[in-house]
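A.B. asks: Given the structure of chain A, go ahead and fit chain B onto it with the hints provided.
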Amino acid sequence: MEENNANVGAIAGAPPKKHNKFVQFFVDRGLRIKGWFVDKYTAIKDFFYVFTKAGRAEKKARMAEGPQLSRGERFRRGLKTQSGWLFVLPALLLMAVFTFYPIIAAFINSFKQGYSDMTGKFNGWGVDNFVRVLNGDTGTGGASFVQCLVNTLLLTFISVPLSTLLALLIAVALNSIKRIQKAYQTILFLPYLTNALAMGAVFATFFKIIGTSSNTETVGLVNIVLGWFGVKPIDWVGLTSPHWQLGSLSIPWAKYIVAIIYEVWSGLPFKILILFSAMQSINKQYYDAAKVDGASRWTTLWKITAPMIMPQISYLLVTGIMGGMKQYSAIIGLFGDTMGQDYDMGTMVGYLYNYIELGQTGYAFAGSLILFIIIMIITFFNNKITKKRTTYR
Amino acid sequence: MSDLLLSSGAGGWVVALMVILVIAGIIASIILIVKLFRMVRESKMPAAKVGVWDLSAGDSGFDAEREKRMERVRHITKNVLVYLFLTICAVLAFLPFYWMIISSVKTETEFRESVPTFFPHTFQWKNYWMIFHQTTSTARGGATFQQILINTLVVGLLSTLLGLVVIVITAYAFARMDFKGKNALFGLMLATMMIPGELFTISNYITVSQLQMKNSYTVLILPFLVSVYYIYLLRNNFMQIPNSLYQAAKVDGLSDMGYLLKVMIPLTAPTLISITLLRFIGTWNSYIWPRLVNTAPWQMITNWVTGGFVDRLQPTSPWGTDWTLYGGIYGNSMSLDTLKMAAVCMVSLPLLILFIFCRRYIMRGVSKSGTKG
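One line per chain: the protein sequences are A and B, in this order.
For the first sequence, counting from 1, position 283 maps to 358 in our numbering; every step adds exactly one.
For the second sequence, counting from 1, position 12 maps to 762 in our numbering; every step adds exactly one.
Bound-form chain A, shown alone:
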């Protein structure tokens, strides 16, 4: 301990040597990094101090000073002070089985080649699962990983900004009215409490063409409305749905539009609620001050309201993107069990479940780890961006 302190003192107390700016920059960085290691070293040493000979002796001396307790009494006291463990025990046990163990298992099992979940047998370790998942070479007729990844990313990065922008517009409108504000708020919040599968099925009926190609019975509500503007009926969700083909990748744009409309509809209520309550909690003094200064309504919106609710907007973007990466049930509700035709509307999570049901858990594990890494990368960038933006409060 002491020699360590002396060491730190030597760094701090050393006469600062003059360098030129360029060298000084690196010297500063170097000293800071060294200090970080010294700190960690000291902390670790402090922690293990009680296990050293000197530490044990010190503890013994301290025990001798205090009241002498029998072994039973000491145990009883320990039980009393540590009884918090009893309270967290149920949660801890459940989490150990259903949360902590699965994380470790996922990391280990994804490197087992040809893993069978029934027998637990596998033939050797390696990154075979990852290679096969990324190449789409799983040989089981299941979903294609690249297709699922592209679908998920495209859907998320189109629908989340779109619905946030729309929510912002609605929240501003809602904030500027006085009469029957509550009624509008309630109706707009209704879609929050819905079952994605059920409402997905309802949305599918808006777009569905029923009947044969020669004799359509109904072309669906959306096609009828588009027909007023002279647009020919489009098979939005069916087998002949239009798509672009990019190599082995297919971009079913009609289905994308349907999915994006559903996601905007279902994502709006939460976003409106958050933005609206944030706007309501802005101090009215700012607006009064702006009025005195003769700011226009538009200026007030962009110079006061927008910066004040920036934390909420970035929060919504972050949670929206996180949720979007995990979308699944809405796709099933809209396009059925196979996620479109031959999984052309598959999502990342849909990919995992597809391979669990096919009994190929090795690929599912590998896919889930890749999903985890992607989410971590997005979180990292989100943190970088939001840290810059959320300094207003």
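The hints are simulated quantities; they were obtained by calculation from the structure and are not laboratory data.
For each residue, glycine too, the CB sits at the ideal point set by N, CA and C.
Do not take every clue at face value.
[As the list claims (entries may be wrong)] Simulated crosslink set (PhoX-like; lysine-lysine; CA at most 20 Å straight-line):
no.	chain 1	residue 1	chain 2	residue 2
1	B	930	A	134
2	B	785	B	828
3	A	134	A	120
4	B	828	A	155
5	B	828	A	253
6	A	283	A	307
[What the hints assert, rightly or not] Short derived list, chain B residues pointing at chain A, Cβ under 10 Å:
no.	residue
7	844
8	864
9	919
10	922
11	1017
C.D. replies: Chain B only, in chain A's frame:
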């Protein structure tokens, strides 16, 4: 639009109501437009002299009256636009619900008409009768609605109540008690929130299949009892309760458990109600886990909805196998959209009713989770 209205075949009173609404809307808009025009015209007329200055004189003069009127015109225009925008949004938000409800009572023939009706010609309540007495497709094992409803209610209640107990005692320990490694454990728990839940699902699926727990209620309840987020939320709530209350209770000889039951739970009741509701809704909406681990008789209500419904009673029903709504013209395997909409209503309407009655708690729970972040 007019052909839509005319062919909608709505009952007499509905037509009357719609006509009245449309006329009222037209009259209101005419009044508003006239008002606006008058104001604009007035604002162009020379204003009276104010004091010694003639404010209307010259191009550079500042016309207070006119500015005021223009301001009012602008205000009304803005309001009309805002209300119009909000009304369109509200209609679009509500349209799927309306469509779901009217489709569920239409006949299949009416549903497939090339021009859809916005109000059913005939109410066919037998659609509901049909889905209640039908077992889901035999490919998934087959289950009746009664069985599914019992499953969902039992699992929902048990998992909500047990989960609440676990959450409350864990949150209490983290908020009020002192034990070695408390902060490390809490940090570890919070860290698991970063990891997508799908990562757990795969391993959990293997665990429960190896433990032979498939096809039971236990497997639907156990893995989701602990919710780290709710523990975190409740712990923060508990920590807001002043410490002096705890000391007072201790002086009065209340144990830790007694303090939790008699002081903390009543004080945090709103949060607890929010958590209960959100958890129950979560169980009601669960889809993938029941589908993975259980076969049809043990599945939940959302799994029931995704199975197709056909125009024929299944052999297991007491009403026999031959009974159909449309005389069998839709065949034995074609899934009918009207029947599906009836099933969708059965899943969605309880949620809507819950929302209408408990709006305050649900909104509070949601907005609370929103302001974190």
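A.B. asks: Each hint should be assessed against the structure and marked as holding or not.
C.D. replies: Structure-based check of all given hints:
1. B:930 x A:134: Holds - the C-alpha atoms of residue 134 (chain A) and residue 930 (chain B) are around 17 Å apart, at most 20 Å.
2. B:785 x B:828: holds, 14 Å
3. A:134 x A:120: holds, 16 Å
4. B:828 x A:155: violated, 67 Å
5. B:828 x A:253: holds, 13 Å
6. A:283 x A:307: holds, 14 Å
7. 844: With a minimum Cβ separation of about 6 Å from chain A (threshold 10 Å), the hint on residue 844 (chain B) holds.
8. 864: Check passed: Cβ of residue 864 (chain B) comes within 5 Å of chain A, closer than 10 Å.
9. 919: holds, 5 Å
10. 922: With a minimum Cβ separation of about 6 Å from chain A (threshold 10 Å), the hint on residue 922 (chain B) holds.
11. 1017: Result: violated, 18 Å to nearest chain A Cβ.
Going through the hint list in order, the structure does not satisfy hints 4 and 11.
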